[in-house]
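J.: Sequence:
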Amino acid sequence: MTHDTDETTETHRSHTDETTETEPTSDTGRPQVLNDLGGPKPGVNGDEPSRGRRRFLAAVGSAATVGIAGCAGVQSGQSESTGQVAFSEFRGSGRLVESRPAVDAPRIADLPDLSGELTIYLGGGEGGLYRELVGLLERIYDDFVAVPSAGGTAEQANKLLTEGEQTPADVFWSVDAGSLSVVAEEGLTAQLASETVANVPSTFHPDRQWVANAGRARAIPYNTEELSASDVPDSVMAFPDSPLAEGGIGWAPTYGAFQAFVTAMRLTEGESATRDWLEAMQPFATEYPDEFLTSNAVADGEVAGGFANHYYALRVRDARPEAALDLAFTSGDAGALINVAGAAVLGPSDNADLAENFVAHLLSAEAQEFFATRSFGYPTVEGVPPVGGLPTIDELEPPEIDLSELSNVQPTLRLMREVGVL
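Its first residue numbered 42, the sequence shown is counted upward by one per residue in the numbering used here.
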């Protein structure tokens with residue numbers, strides 16, 4: 042069934058990349074970004090914080106577990122500044138960002154100064170948040186000027202494929218790994234120095250052609266008055282026969298993140314099994330326009346659970362601390378998908394050193410704190426904790442999948458239309 046809504050004013054920050062528009066397939070057969078995607082994962086287990094199933098949000102109401110962080114050994118209550126910008130200006134605010142442990146990661150002060158003009162193709166951009174971060178860097182460095190060109194991830198990637206070696210861009214910064222991979226496969230990216238990516242897990246800097254600056258995990262928001270963590274199966278394929286489905290489940294099939302999830306299922310389980318799963322889930326499903334509204338509906342008890350990126354439940358709980366909402370995570374399947382935002386230095390750039398230094402700044406303690414506390418994304422640098430009592434990114438159990446394959450969403454859209462989900 043479809044959830045009817047009026048023009049709803051949302052107070053959350055949405056991912057601008059998560060759309061349903063698709064790009065035409067290249068006549069030449071070269072890889073194309075087909076649409077703008079979303080999505081990551083975890084594990085939840087009753088009262089025991091095991092790697093299977095965990096409850097992460099329950100403690101947030103009584104004691105916030107997130108907030109500001111300093112560098113190695115610097116605690117959250119201390120004030121620091123970089124240039125004319127205090128560390129606290131990189132930090133978000135709110136209930137989830139009240140008391141953070143120290144952050145053990147390289148600081149901006151440890152990096153060379155940014156100096157010169159840098160052209161950045163920005164794909165997505167977290168609803169303007171990434172522009173805010175660029176603005177903070179420009180305040181730190183008087184001689185640094187960023188020239189962002191913003192658009193959807195598919196739009197920007199296809200623009201780069203069209204421009205090729207003639208592109209004026211120095212950096213491609215995208216909220217979708219698939220678009221980064223497609224540009225890299227066309228030979229348009231330069232290999233990053235090993236020192237630049239040293240603190241990021243190897244999964245998130247493939248061949249050092251790009252590096253992830255933040256992650257997002259697929260998760261299962263559920264209503265704690267309707268379900269317990271044990272009611273959420275560890276495998277998403279078991280959902281149709283679970284108490285979760287019986288209580289009603291919300292999804293947003295027109296949303297790019299959900300389509301990426303179904304694409305991952307098609308790649309890992311096969312098209313036939315994915316078709317069967319979609320058909321089995323349909324009688325229990327209520328459709329929502331996006332995954333924030335899905336998570337909000339779960340908190341309201343309209344449905345017992347839902348499918349969403351992890352940060353939407355965090356945003357609901359940040360605004361509504363007493364909401365009957367928690368998160369569960371599956372393990373090793375499409376329900377545990379992790380997608381990332383990342384940046385690449387473009388090979389044709391005449392400003393390669395400045396471009397790589399900019400990418401290094403995205404991996405600084407300050408920038409990672411920005412991503413973690415402003416948008417509730419997963420930090421990708423070791424030593425920077427996520428917010429809201431979530432597991433660290435290396436504790437998550439995503440499926441073994443090449444994220445670049447998520448860009449081929451057309452078979453997924455066809456399948457979803459055939460079964461009547463779209």
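Please note that a few of the clues may not be correct.
To be verified - Here are the in silico distance ranges between beta carbons for each label pair:
1. Gln451 to Ser156: 42 to 50 angstroms
2. Asp154 to Thr327: 30 to 38 angstroms
3. Ser313 to Gly157: 49 to 57 angstroms
Derived by calculation from the structure, the hints in this document are not laboratory data.
Idealized CB from N, CA, C, for every residue including glycine.
J.: Each of the hints needs a verdict: does it hold here or not?
T.: Outcome of the hint check:
At about 43 angstroms, the beta-carbon gap between Gln451 and Ser156 stays in the expected band of 42 to 50 angstroms. Remark: the range hint 30 to 38 angstroms for Asp154 to Thr327 is contradicted by a beta-carbon distance near 52 angstroms. Take Ser313 and Gly157: their Cβ atoms lie about 54 angstroms apart, and the range 49 to 57 angstroms holds.
Consistency with the previously given hints fails for number 2 only.
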